[in-house]
Amino acid sequence: MNFELTEEQQLIKETVRDFAEREIKPVAQELDEKAEFSYELTQKIGELGLFGMCLPEQYGGQGLDTLSYIIAVEEIARVDGSQAATLAAHNSLGISPLCEFGSEEQKMKYLPQLCTGDGLWSFGLTEPGAGSDSRGSKTTAVMDGDDWIINGSKIFITNGSADIAKGCTVQAISGEKDGKKIFTTILVEQDTPGFKAVPMHGKMMWRASDTAELFFDDVRVPKENLLGSIGEGSKIMLQTLDGGRLSIAAMGLGCAQGAFELALAYANERKQFGKPISKFQINAFKLADMATKIELARNLLYKACWLKDNKKPYSKEAAMSKLYCSEIAKEVADEAVQIHGGYGLMKDYDVERFYRDQRLLQIGEGTSEIQRLVISRQIGC
Amino acid sequence: MKVLVLISNVPDTTTKIRFTGDNTAFDESGVQWIINPWDELALTRAVELKEAGSVQSITVANVGTKATEATLRKALAVGADDAIRVDTEANDAFAVATQLAAIAKDYDLILAGIEASDYNGAAVGGMLAELLDFNSVSAVSGLQIEGDTLQVNRDIDGGSQLLSMSTPAVAIVQKGITKEPRIPAMRGIMMARKKPLNVVAPVGADDRTSFVNFELPPAKAACKMIDEENAKEIITLLHEEAKVI
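Chain order of the listed sequences is U and F.
For the first sequence, the residue numbers in my numbering are 968 to 1348.
For the second sequence, the residue numbers in my numbering are 15 to 259.
Derived from the structure by calculation, the hints contain no laboratory data.
Only a predicted model underlies this, so the values are computations on that prediction, with no experimental measurement involved.
You may find that some hints are simply not true.
Said to hold, decoys possible - Away from chain U, derived, C-beta distances all over 12 Å, residues of chain F:
{"no.": "1", "residue": "Q46"}
{"no.": "2", "residue": "A137"}
{"no.": "3", "residue": "L176"}
{"no.": "4", "residue": "G218"}
{"no.": "5", "residue": "I240"}
Said to hold, decoys possible - Here are the simulated BS3-like cross-link-like pairs (lysine-lysine), alpha carbons at most 25 Å apart as the crow flies:
{"no.": "6", "chain 1": "U", "residue 1": "K1074", "chain 2": "U", "residue 2": "K1190"}
{"no.": "7", "chain 1": "U", "residue 1": "K1163", "chain 2": "U", "residue 2": "K1190"}
{"no.": "8", "chain 1": "U", "residue 1": "K1011", "chain 2": "F", "residue 2": "K234"}
{"no.": "9", "chain 1": "U", "residue 1": "K980", "chain 2": "F", "residue 2": "K238"}
{"no.": "10", "chain 1": "F", "residue 1": "K238", "chain 2": "U", "residue 2": "K1238"}
Unchecked claim - Ranges between beta-carbon positions, derived for each pair:
{"no.": "11", "chain 1": "F", "residue 1": "A84", "chain 2": "U", "residue 2": "E1007", "range": "28 to 34 Å"}
{"no.": "12", "chain 1": "U", "residue 1": "F1252", "chain 2": "F", "residue 2": "R32", "range": "20 to 26 Å"}
{"no.": "13", "chain 1": "F", "residue 1": "M239", "chain 2": "U", "residue 2": "Q1305", "range": "22 to 28 Å"}
{"no.": "14", "chain 1": "F", "residue 1": "R201", "chain 2": "U", "residue 2": "M1313", "range": "36 to 42 Å"}
{"no.": "15", "chain 1": "F", "residue 1": "G67", "chain 2": "U", "residue 2": "K1001", "range": "46 to 52 Å"}
{"no.": "16", "chain 1": "U", "residue 1": "A1258", "chain 2": "F", "residue 2": "V214", "range": "41 to 47 Å"}
All residues carry an ideal CB built from backbone N, CA and C; glycine is no exception.
This is chain F alone, in the form it adopts within the complex:
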C-alpha cells in the first residue's frame, strides 16, 4: 500500500503571536516552524504500519515555499521515503486541497491531520477526498491495515465506531492514532539528506478566502485566591463577576 501523509508547516506551539501591516498579516520574524502536531501523529502511525509490513512506501507532501523544506526534511528523518513540495504559497484550504489533488491520485491511503495548529481550519482532508472522489473518514483515532482494507476507529459522542473501509481513501486523524510522535534518530537525520525531495509546479487554483484582519484573544484575567473558609465570597464572585451561576 502506498501512503501519502499531508504535512502542514506551522509555527511552534509556543510561538509568541504578533501581527504586522496593521493586523492584516502574521509576523513570521523569529518564528520556529514545525510539523503540524496532528500530521506528526499521522506520520508516526504511517511509519509504524510500514515497520509492521503493511505499508510499502510513505510519501510526505506539503504546499508551500522553499522555506517549508526544513519541515519536510524532518518528516523524511522520522521515516518517510520521499517528499513532494508543491511550490506555491499555502493561502487557503481549497487552494491547498486543489494543489494536493493534482499529486495525490495515485496513492492508496492519504493521511491528514484533523486540523493544523495555526488556523485550525479542519478542511483540507475532507476537501481533498471530495476532489479525488476517495472514501473518507474523519476523527480517526485508530488505524489498522488488513490487505487492501482499512480498519478504522472513529471517536463519536459517548463512544467509538469501528469502520471497515476500502481504498483509495483519506483518513483524517486525531489524537490516539499513535502514542506519541516519533523523535527522529541521528541515523534518520543523516539519511534524510539523501532522500528525494521533489519540487513540483503548482496547478492553477484560486484562493476562495482571504484574511481581512487578525485579533489577539483578550488577556487572561489574573487568578483570584480566596480563602477556603470564605465560601460566600466564591459564590458572590461566580454569580456577579464570572456570571456562571
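Bound conformation, chain U alone:
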C-alpha cells in the first residue's frame, strides 16, 4: 500500500492552499456577512483551473484524477465552505453529468465555457415535495412535435441563479410504464422563455454561495436537449450523486481540518489559570480526538477516490465517506467552538462560520440517513 500523494497531487494541494489563503481567506467573512456571491473569486477559481479538473482536455478541462480534484475541494473548504460549494457543485453536479452522458455535440457546445469561470451549470433534482424521496418529483417533460415541454419547479439548487448561470440539467417525469414513473434528464439553458431562477435568501450556511429556486412554466426546448436517453434519468441521477458524494465528503474533511487548525492555534495562544489552555488535558485530548477523526476521514475518502480512479466499484465507500466526513465536520466544528469559549460565538472569529457551514453537509446531496440506507443495502441488510 502506498499512502503518499504523487508529486503532482502534492503540488496541487500546496497550490490550492496558497490560493485559498491568499485570495479567499481575506474576504470570506465579509462575503458571508453580506450573503454575497463573488463573481471575482469564481473567475479566479476558473483561471486557476479548478473548474473541469477531471474533464478531458479537449473539452477545456485539465484531465486530472479524482483525488486531485477532491484535494482541491478539501483545501478550499479548509478556508471557506461557500466557495467550496460553488466549486464542488459546478464540477460534480454541473460539469460531470454533461461529460458522462452528453453527446459529442452537447459536450462541445457547453463544456468549454463552463471550465473558465465565465459560466456555471446546475443540477435540478430536489423539489419542494421531493427531497430524500427523489421519485416523488412532480416536474414533467412532455414531447410536443420536436420539442420537450417542461413544467414544474426545483428547490435548493446550487449555482442555479447566479448572473453567470448558463443552464440546468433537469430531472423530469417523461411518462409512465407499468405504473412506474419514467425519469428523463433534459438540458435547459438559462435564457429559455418560461424558465425562471430565483435566488434563495436567509441561509444559515454557505451564505456566499448561490442557491436557487427554479420554475418551469411551459418551457420549450428542442428534443436534442435530451441528456442520455429517455428513461435514463434515474441512472444519471444516481451516478452523478455517487461522484457528488465524494466532493461533499471533501467539504466535510476540509471544514473539519480548518476548524481543527483554528482550535489548535487558539488553544495554544489562549491562557487561563496561568498557562495555554491546550496544556489542560481535557482540551489536549479533545484536540487529539479531532485530529484522529480527521485522519480517519481523509483515509476513507482518499480510498474511495482511489477506487473511482482505478475503475472499481466505489458507491458504498462514497456513501461512507460522505456520511463520515460530514458527521465529523459537525463534531470537530462543535468542539472547536467549545475550545474558543465565548469568542467562538462571535462573527469576528472564523470558527463561528465553520460551525454554521458544516450543518448543510449532513443534509445536502443525500442526508446522513439516506447514506446509511445506501450503505446498509450495499452490505446486505
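Fit chain F to the known structure of chain U by using the hints.
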C-alpha cells in the same frame, strides 16, 4: 534573451525549527520544502517578461539532491521552460556558486533572490557574478529589458537608483520586483511534468565553511498589558526592564 533563475530549496517559512545530533544539524523530518520566496519573486518577474515578449526562454537551476526536484517541478509549473539540477548537496555559498558557474555562462541574464530564507547568507548571487565575470547589481526592485540592455531599479538609503546595465549580467532581486509570487494554474502543473528537468554531475568544489553548532533564538517574552492611565509604570518598565530609555 535567455534567462536563468536560481532556485533555492528552503523549508516552509512556518516550519518549526528543530536540530539533531547535539544541535549540529537541522532536523529535516516532516519539513515541507518550498521555493525560496525571493527566488519565487525573481521567477515570477522572469515569466512576466517572457509574456511581454522580451525573454525567449527561462531555465531554473538548483544545486541539490533528488529531494529538491519537487521544488524545481513547481518552478516549471509557474512558467519556466526547463530545469537543471546539479546533483550534489548544497553545503555552503561558495560551493553552490561554483557549481552554478559551471552551468550558467551561456545565459544573458541570471536572476537570484537577494537571500535564501533558510540561512540568509545573501552571498551566492554576488559570488556567481564574480566567478563568471558578469555585471551584477544587488537589491534590485524593478527590472525592464530594452533590447540587450537592462533597466534596473535599485533601492538605496533614502531613495532609489535607476541603472542601465549591459548583459550578460546577474540581477540580485528583492521585494518590489513583482507584486506577488505567481500561483501555478492546474494547466501549468500538468505541463510541468512534460518539461525537461536535466540532472548534471557536479564539478569539483570544496566547501569553505561548515556548521559547528545551531542555537534557537531565545523565546519571546510575554506581552505585558498596562493600563492606559498608568503612564508612570510604562516609563519605569521601559527604563528598568526593557532598558530602551
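Hint by hint, here is what the structure shows:
With a least CB separation of 8 Å from chain U, Q46/F falls inside the 12 Å interface cut-off, contrary to its annotation. The non-interface label for A137/F is consistent with chain U: the shortest C-beta to C-beta separation is roughly 28 Å, beyond 12 Å. No beta-carbon of chain U comes within 12 Å of the beta-carbon of L176/F; the shortest separation is about 31 Å. No beta-carbon of chain U comes within 12 Å of the beta-carbon of G218/F; the shortest separation is about 31 Å.
A cut-off of 12 Å between C-beta atoms confirms that I240/F is not in contact with chain U; the least separation is 17 Å. For the proposed pair K1074/U and K1190/U, the alpha carbon gap of about 16 Å is at most 25 Å, so the pair holds. At most 25 Å may separate the alpha-carbon atoms for a hinted pair to count; K1163/U and K1190/U meet this at roughly 20 Å. With a CA separation close to 39 Å, the supplied pair K1011/U and K234/F exceeds the 25 Å bound.
About 39 Å separates the Cα atoms of K980/U and K238/F, which puts this hinted pair outside 25 Å; it is violated. Simply put, K238/F and K1238/U have alpha-carbon atoms about 13 Å apart, close enough for the 25 Å limit, and the pair holds. A beta carbon spacing of about 31 Å between A84/F and E1007/U agrees with the range 28 to 34 Å that was offered as a hint. Roughly 25 Å separates the CB atoms of F1252/U and R32/F, a value that falls within the hinted 20 to 26 Å.
The supplied range of 22 to 28 Å is met by M239/F and Q1305/U, whose beta-carbon atoms lie about 26 Å from each other. A beta carbon spacing of about 41 Å between R201/F and M1313/U agrees with the range 36 to 42 Å that was offered as a hint. Checked against the hint of 46 to 52 Å, the C-beta distance between G67/F and K1001/U comes to roughly 41 Å, which is inconsistent with it. The supplied range of 41 to 47 Å is met by A1258/U and V214/F, whose beta-carbon atoms lie about 43 Å from each other.
Going down the numbered hints, you'll see the structure goes against 1, 8, 9 and 15, while the others check out.
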